[in-house]
Amino acid sequence: MSLETLLEPFRFSFMIRAFLGTGIIAVIAAIVGTFVVLKGLAFMGDAIAHTAFTGSAVALLLGVNLYAGAMAFALMTALGVVTLTRVSRVKNDTALAILFTGFFAVGVIVLSVMPGFAGDLSSLLLGSVMAIQVNEIYIIAVTALAIILLMLAFFPRFVMVSFDPVGAEAAGFPVAFVQSVLLISVAAAIVISIQAVGVVLVVALLITPAAAGSLITKRIIPLMLTAAAIGLFSAVTGLYISYYLAAPPGATVVVVATSIFAVILLGTKLNHWLGKRRTSSG
Amino acid sequence: MTSKQISGAIEIKNLTAGYSQVPVIENVDWRLAPGSLAAVIGPNGGGKSTLLKALVGLVRPFSGSVRIFGEAPKTARRRIAYLAQAEEVDWDFPISVWDVVLQGRWLRRGLWGRLTADDRERVHAALAQFHVESLAREQIGSLSGGQRQRVFLARAVAQEADIILLDEPNTGLDARAQHELAETFTSLRKEGRTIVVATHDMDCLTECFDQVLALKNQVVAVGSPRDVLTGDMLTALFSRHFPSIRDTGEVVIHEP
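Going down the list, the protein sequences come from chains A and B. Quick note: the first sequence uses numbering that gives the first Met the number 0, first residue 0, plus one each step. Quick note: the second sequence uses numbering that gives the first Met the number 0, first residue 0, plus one each step.
Possibly wrong hints are sitting among the right ones.
As the list claims (entries may be wrong) - Using 30 Å as the maximum straight-line C-alpha spacing, the simulated DSS-like pairs for lysine-lysine come out as follows:
no.	chain 1	residue 1	chain 2	residue 2
1	A	Lys268	A	Lys217
2	B	Lys73	B	Lys189
3	B	Lys215	A	Lys90
4	B	Lys73	A	Lys90
5	B	Lys12	B	Lys73
6	B	Lys189	B	Lys12
Because the hints were derived from the structure by calculation, they are not lab data.
Could you put the whole structure together from the sequences, leaning on the hints where they help?
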């Protein structure tokens with residue numbers, strides 16, 4: 000690949016914004032996604048994305064900022080699950096299913112009363128990375144910075160409540176508060192990621208890089224860094240492929256990430272098999 | 000002498016607790032002096048785990064009261080370390096032994112505190128005390144069952160816990176590891192800590208513990224092992240089983 004080929008997309012300002020926005024999103028999603036993978040919260044991520052869609056629909060109806068609407072509903076879902084689980088003692092996934100389907104149903108009803116907005120909402124469903132505007136880059140950057148600051152401030156506490164929440168709560172640690180902060184970070188990452196890949200594929204940006212990283216390392220900080228690198232590589236490579244093949248950018252980014260996961264999985268299995276063969280022949 | 004010194008480490012009065020309005024333990028009274036090494040025994044479903052969880056507020060009492068060093072569990076919980084059953088821990092979690100023990104210091108520092116060099120010194124000391132210093136960089140799940148228990152006890156010491164509650168710590172341990180764990184309890188007791196172990200394991204009850212609480216939803220018996228571990232009491236506790244105590248102090252349960 001020549002330098003000219005690499006630089007060609009940057010002749011267009013919309014491509015510069017796409018690379019910048021998607022790159023930030025991919026890194027942040029992979030970092031918070033590490034906790035989502037470790038805690039088995041993929042369903043939570045999917046549910047938050049779908050309720051964020053409802054939030055966007057409501058925001059369109061009310062004429063307010065889409066991100067604000069999406070964030071409001073994403074936070075309601077994340078914090079609602081924690082509250083509902085504690086107050087009613089229903090299981091986590093049950094509480095999530097109740098809130099997720101309830102909010103999504105509201106979104107369907109909202110859509111039915113405003114068919115004229117179908118175009119705007121379809122871009123939320125499938126992403127519209129090439130349409131990222133400068134003000135949206137600011138929103139993405141500021142949200143990403145806030146998430147990084149939360150990670151730096153709370154990282155050891157996030158690890159503690161993820162690894163041994165029962166032991167931490169028994170010692171009087173405010174587990175529910177820390178879990179809520181973590182879920183707020185996840186919700187915020189999802190909301191800014193929807194712009195790039197849409198509601199349907201957003202979970203892939205959270206889950207796939209972290210899951211691929213977990214095949215390589217058993218330490219949490221290297222895992223986060225590996226996930227972030229895989230996320231960033233997927234975003235950049237996906238956008239190049241999308242640009243030259245005129246493929247849907249969000250979907251292409253996800254396909255690249257999934258391919259990386261598959262390659263790493265095959266590589267680790269092959270390595271394991273070769274190791275066993277060497278042991279048995281030795 | 001302060002009020003804390005004259006209080007029991009654990010005082011339970013008329014405690015009824017359970018889940019979803021269904022009581023698991025009823026009308027439990029128990030007082031444990033500081034520095035005791037106590038076993039809670041009983042059949043499956045008898046309420047051993049529920050009792051431990053009620054002590055740290057993980058299960059709310061329906062009625063009755065729990066006092067820890069004279070205080071409500073909510074205010075005294077930083078003085079307690081609770082080691083859950085092994086199956087409740089995610090052993091695949093990518094965390095090193097060092098970071099697990101360091102969590103004891105984070106628990107001490109609370110939500111906003113920062114760690115200092117002294118905290119790291121305490122972690123080093125706790126790892127050394129339980130002979131797991133050489134494993135500091137290992138992932139927790141790569142350790143044997145006995146090593147894992149020692150790491151969690153090191154975390155409890157790093158937390159400066161005065162009371163350590165262990166739920167079925169012997170599960171999955173071989174005889175040697177169980178013996179080493181029992182020796183560890185004795186050394187922790189010598190430091191003045193109060194140890195409470197919920198266990199199925201009737202081996203070494205008389206030699207390892209100075210108090211036994213026999214629980215089958217209600218208190219069946221409480222006192223020294225010699226007083227509690229009578230054939231009649233154990234038959235009442237385990238229904239179909241007929242235990243006896245050997246001269247060595249080992250308790251053996253025979254099927255009828």
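A quick look at each hint next to the structure:
no.	hint	in the structure
1	A:Lys268 with A:Lys217	holds, 16 Å
2	B:Lys73 with B:Lys189	holds, 26 Å
3	B:Lys215 with A:Lys90	holds, 28 Å
4	B:Lys73 with A:Lys90	holds, 24 Å
5	B:Lys12 with B:Lys73	holds, 16 Å
6	B:Lys189 with B:Lys12	holds, 27 Å
No hint from the list above goes unmet by this structure.
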